[in-house]
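Visitor: Since the structure of chain B is already known, use the hints to place chain F on it.
Quick note, the sequences are listed as chains B and F, same order.
This note's numbering puts the last residue of the first sequence at 1111; the count rises by one with no breaks.
This note's numbering puts the last residue of the second sequence at 439; the count rises by one with no breaks.
Calculated directly from the structure, the hints in this document are not laboratory data.
Please note that the accuracy of each hint is not assured.
[What the hints assert, rightly or not] 25 angstroms max Cα-Cα, derived DMTMM-like pairs, lysine to aspartate or glutamate: (1) F/Lys381 - B/Asp994; (2) F/Lys75 - F/Glu31; (3) F/Lys381 - B/Asp1076; (4) B/Lys829 - F/Glu200; (5) F/Lys75 - F/Asp361; (6) F/Lys157 - F/Asp93; (7) B/Lys890 - B/Asp992; (8) B/Lys829 - F/Asp163; (9) B/Lys829 - F/Glu413; (10) F/Lys97 - F/Glu168; (11) F/Lys381 - B/Glu966; (12) B/Lys890 - F/Glu200; (13) B/Lys890 - B/Glu1074; (14) F/Lys73 - B/Glu892; (15) B/Lys890 - B/Glu1058; (16) F/Lys381 - B/Glu1074; (17) F/Lys381 - B/Glu976; (18) F/Lys381 - F/Glu413; (19) B/Lys890 - B/Glu1101; (20) F/Lys381 - B/Asp992.
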Amino acid sequence: MFAAPWLVKCAAGAAILLIACGFATAHFGSGLQMPATTTRDGTLITLSRYLREPVPDIVLVGSSITFRLKEEYFATPRLRNLALAGGSPVTGLEIIANQPRLPRLILVEVNVLARSSDAELVERYSRGDTGPLLFRPVRAAVAAYEQRRHAPVTHEQVALNLRRLVEQPPSDFDSRIYADRALQQFNAEDPTDAARFNANRIAELIRVLEKRGARVLLFELPYSGPIESSRYAATIREIIHAAFPDSQRWLPIEVDRGELRWADGVHLDERSAVLVTQALERALALARTVK
Amino acid sequence: MTFTSWQFGIFAAIVFAAYYLPALRAFQVQLLVFASLFFYGYGQPELLVLLAVAVFGTYLFLLLALRDRQVWLPVGIVFNLALLAFFKYKLLFIDPASPSLVDFAPLDFLLKLPLPIGISFFVFHNISLLVDLTRQKAAPPTLTSVFLYIIFFPQLVSGPITRAEMFMPQIKPKYFADIPFVEAAKWILAGFFFKLYVANNLNEMTSYMSFPLYETLQTQDRWLLVFLYSYQIYADFFGYSAIAIGLGLLFGYRLPINFNLPYISTSFSEFWTRWHISLSTWLRTYLYVPLGGNRHGIWRTYLNLVIVMGLGGLWHGAGFSYLMWGLLHGLLLVLERPLLGRMASIDFAAFRAARMSVVFVCVTMLWIFFKLPNFDHAVGYLTGMFTPSTNPNPTKLFYSLALLYSLPVMIQHLGFRPLAEGRLRWAEPYLYGSMAALTYLEAGPETSFIYFQF
Chain B
821 MFAAPWLVKC
831 AAGAAILLIA
841 CGFATAHFGS
851 GLQMPATTTR
861 DGTLITLSRY
871 LREPVPDIVL
881 VGSSITFRLK
891 EEYFATPRLR
901 NLALAGGSPV
911 TGLEIIANQP
921 RLPRLILVEV
931 NVLARSSDAE
941 LVERYSRGDT
951 GPLLFRPVRA
961 AVAAYEQRRH
971 APVTHEQVAL
981 NLRRLVEQPP
991 SDFDSRIYAD
1001 RALQQFNAED
1011 PTDAARFNAN
1021 RIAELIRVLE
1031 KRGARVLLFE
1041 LPYSGPIESS
1051 RYAATIREII
1061 HAAFPDSQRW
1071 LPIEVDRGEL
1081 RWADGVHLDE
1091 RSAVLVTQAL
1101 ERALALARTV
1111 K
Chain F
-14 MTFTSWQFGI
-4 FAAIVFAAYY
6 LPALRAFQVQ
16 LLVFASLFFY
26 GYGQPELLVL
36 LAVAVFGTYL
46 FLLLALRDRQ
56 VWLPVGIVFN
66 LALLAFFKYK
76 LLFIDPASPS
86 LVDFAPLDFL
96 LKLPLPIGIS
106 FFVFHNISLL
116 VDLTRQKAAP
126 PTLTSVFLYI
136 IFFPQLVSGP
146 ITRAEMFMPQ
156 IKPKYFADIP
166 FVEAAKWILA
176 GFFFKLYVAN
186 NLNEMTSYMS
196 FPLYETLQTQ
206 DRWLLVFLYS
216 YQIYADFFGY
226 SAIAIGLGLL
236 FGYRLPINFN
246 LPYISTSFSE
256 FWTRWHISLS
266 TWLRTYLYVP
276 LGGNRHGIWR
286 TYLNLVIVMG
296 LGGLWHGAGF
306 SYLMWGLLHG
316 LLLVLERPLL
326 GRMASIDFAA
336 FRAARMSVVF
346 VCVTMLWIFF
356 KLPNFDHAVG
366 YLTGMFTPST
376 NPNPTKLFYS
386 LALLYSLPVM
396 IQHLGFRPLA
406 EGRLRWAEPY
416 LYGSMAALTY
426 LEAGPETSFI
436 YFQF
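Bound-form chain B, shown alone (with noise of 0.2 angstroms):
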């Protein structure tokens, strides 16, 4: 076969397709939102919307146990969950402390100060590159798709179920195989360096977000009975309210810890990622007016 004429139309068979999504990327932008399939991506996503909606009032940062507590939970209006799955708080926090126009209120989560801040992704997100550079037509086709099934709701929409959620009685999923295997990792790493690394991390950061005028708050989820006595949570407690001793800067979150329950003693169920949101949402208007 003679190779020249296959190649050509070859190459201008991709060539069609890249332009077509050429155009594609410069009519959607990267407006559509992607369907994650890992953290990471779910990471991505939630960056990349920080970035292109409006600056919201307040900001969560923090792990993947605040991502539990969905913004649609939050009767609070203008507010964003920007905490990161598999991430450390002061991702988020660089992140948002490097962008132009700051949210009046930052909240942190502390729980988790052990891993590092994602030097990568701080630099990605802080020079603006939120989307690929060419439309992805399989994932941009999936979006629409999902986006059509599963609108993303707001928190008038699921009152109600969320209502009825927190009138049912805790779970009774039994979760102590996962807790014992999550005890036993919280109680061998020890996060003294990477905790007191981050604290400082955090108190450089606060200094330069107050005097832009965003402020910025920190509070703790709660963890099951054994989780908080471990080591890591002990660790992490001692040297955070060390380095943070003003009771005016924590958001105390009060809630009946008989009605929690988690998923493996870390990371809260649904039910309870309710709850703790009521309980978060009461001391936040507290602290709004406490100024």
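Guide: Relative to chain B, chain F alone:
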């Protein structure tokens, strides 16, 4: 350096350009040997010494065996198997993390070397070289030819395992005008498409099959992921083999086809004539037949099948899961053997489809032992496939995405009739072009080829 890295693209382009320069025509073999050494040593130069030991050792035993086959052929085979066993199975006996394993420094150094990439493949090449050339009583080949056969870079890391009697006669001057560009382009584009579009994207989902992540899955998603992994491992290995074949053609060498639509097999024995064909052929030629094959009665045949498949499993790694995977495949071959004749006489489409489904489901289920080499984890995963999940926060998988990324494997296997019949021949180059564009646009996150670990 992997096929999907930009470094490899530059490397292949430079070697290709130099290879066909008229001034270098007399040194084509040397050039390919040099390029292959560079390819193998890139990033892990210390392993070049091992490669050199394997090739020089095999060459020495080849020369000796050509004089006295009876004595030196077994010694040469044992030498190669010892190399393989040392690197592949040493971790069963030592802890590489300990600061000093033995008091003898050189041995300590060897014990701490990582598993050399591709060792399973080049050791099989070495054995094939020893057996084939001494059987033919051929004149001793040159050292550079032997080097090229063993370390030719497209096939060095993960095959296809090329038999010496097929490769050695191809070592002769190559001309630019003889390159089958279209065929090479088709293999290379299909290979990259299957690796980057299908396998790498599916890998994002099947990463949830790992322990302990799989515990967050719903029961039906465990089932889904096993099938996705089945597509992924095929796309990954088919992709690698296709790129290798295409690259081989660019340099004038025809490597054996390694896959022939394995998931449409109607029997397990047929599956092994369609999956990793070069390994199956190697095992049949150099293990099953020497063990007696089917020449010593039915029970001995069964035993030979189980032995060959068990060893084939262990070839993949020193783990109980791999052994179990091989033995179970051996058992399936034994169980179906008495029924094959009767089943062949029943010839209607629904029955064929049912057989195809049974083979596909069994093969797919056994991939769990591949994905989870820790036997307890594999059993845990399997158990969860048959018990309802109670996790209140299960992982969410996008079924539509799973379907779209698996689709190329399904279409390839089930056939696209207008294309197969030639009615859409005119569209073929555009189809390959679209595949190239999709590979660029929709490539999944970089992951190494699954078979690199073997």
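Visitor: A separate judgement is required for each hint: does it hold in the structure or not?
Guide: Verification of the hints:
1. For the hint linking lysine 381 of chain F to aspartate 994 of chain B, the alpha-carbon distance of about 21 angstroms falls within 25 angstroms, and the restraint holds.
2. As the CA atoms of lysine 75 of chain F and glutamate 31 of chain F are separated by approximately 18 angstroms, the hinted pair is consistent with the 25 angstroms bound.
3. Restraint check for lysine 381 of chain F and aspartate 1076 of chain B: not satisfied, since their Cα atoms lie roughly 29 angstroms apart, outside the 25 angstroms limit.
4. Distance check on the hinted pair: lysine 829 of chain B and glutamate 200 of chain F sit about 48 angstroms apart at the alpha-carbon level, beyond 25 angstroms; violated.
5. The suggested pairing of lysine 75 of chain F with aspartate 361 of chain F holds, with an alpha-carbon distance near 21 angstroms, which does not exceed 25 angstroms.
6. For the proposed pair lysine 157 of chain F and aspartate 93 of chain F, the alpha carbon gap of about 42 angstroms is over 25 angstroms, so the pair is violated.
7. Proposed proximity of lysine 890 of chain B and aspartate 992 of chain B is supported: the alpha carbons are some 22 angstroms apart, at most 25 angstroms.
8. About 21 angstroms separates the Cα atoms of lysine 829 of chain B and aspartate 163 of chain F, which keeps this hinted pair within 25 angstroms; it holds.
9. Taking the CA atoms of lysine 829 of chain B and glutamate 413 of chain F, the gap is near 9 angstroms; set against the 25 angstroms cutoff, the hint holds.
10. At roughly 43 angstroms between alpha-carbon atoms, lysine 97 of chain F and glutamate 168 of chain F are farther apart than 25 angstroms, so this suggested pair is violated.
11. For a cut-off of 25 angstroms, the pair hint linking lysine 381 of chain F to glutamate 966 of chain B stands: about 12 angstroms separates their Cα positions.
12. Taking the CA atoms of lysine 890 of chain B and glutamate 200 of chain F, the gap is near 22 angstroms; set against the 25 angstroms cutoff, the hint holds.
13. At most 25 angstroms may separate the alpha-carbon atoms for a hinted pair to count; lysine 890 of chain B and glutamate 1074 of chain B meet this at roughly 19 angstroms.
14. This hinted pair does not check out: lysine 73 of chain F and glutamate 892 of chain B have alpha carbons roughly 52 angstroms apart, beyond 25 angstroms.
15. Between the alpha carbons of lysine 890 of chain B and glutamate 1058 of chain B the distance comes to roughly 28 angstroms, so the proposed pair goes past 25 angstroms and is violated.
16. The hinted pair formed by lysine 381 of chain F and glutamate 1074 of chain B fails the criterion: a straight-line CA distance of about 31 angstroms is larger than 25 angstroms.
17. Among the hinted pairs, lysine 381 of chain F with glutamate 976 of chain B is consistent with the structure: their alpha-carbon atoms are about 24 angstroms apart, no more than 25 angstroms.
18. Simply put, lysine 381 of chain F and glutamate 413 of chain F have alpha-carbon atoms about 37 angstroms apart, too far for the 25 angstroms limit, and the pair is violated.
19. Of the supplied pair hints, the one linking lysine 890 of chain B and glutamate 1101 of chain B holds, its CA atoms being roughly 13 angstroms apart against a limit of 25 angstroms.
20. Pair hint lysine 381 of chain F plus aspartate 992 of chain B holds up; C-alpha atoms about 22 angstroms apart against a cutoff of 25 angstroms.
Comparing the model with each earlier hint shows violations of hints 3, 4, 6, 10, 14, 15, 16, 18; every other hint is respected.
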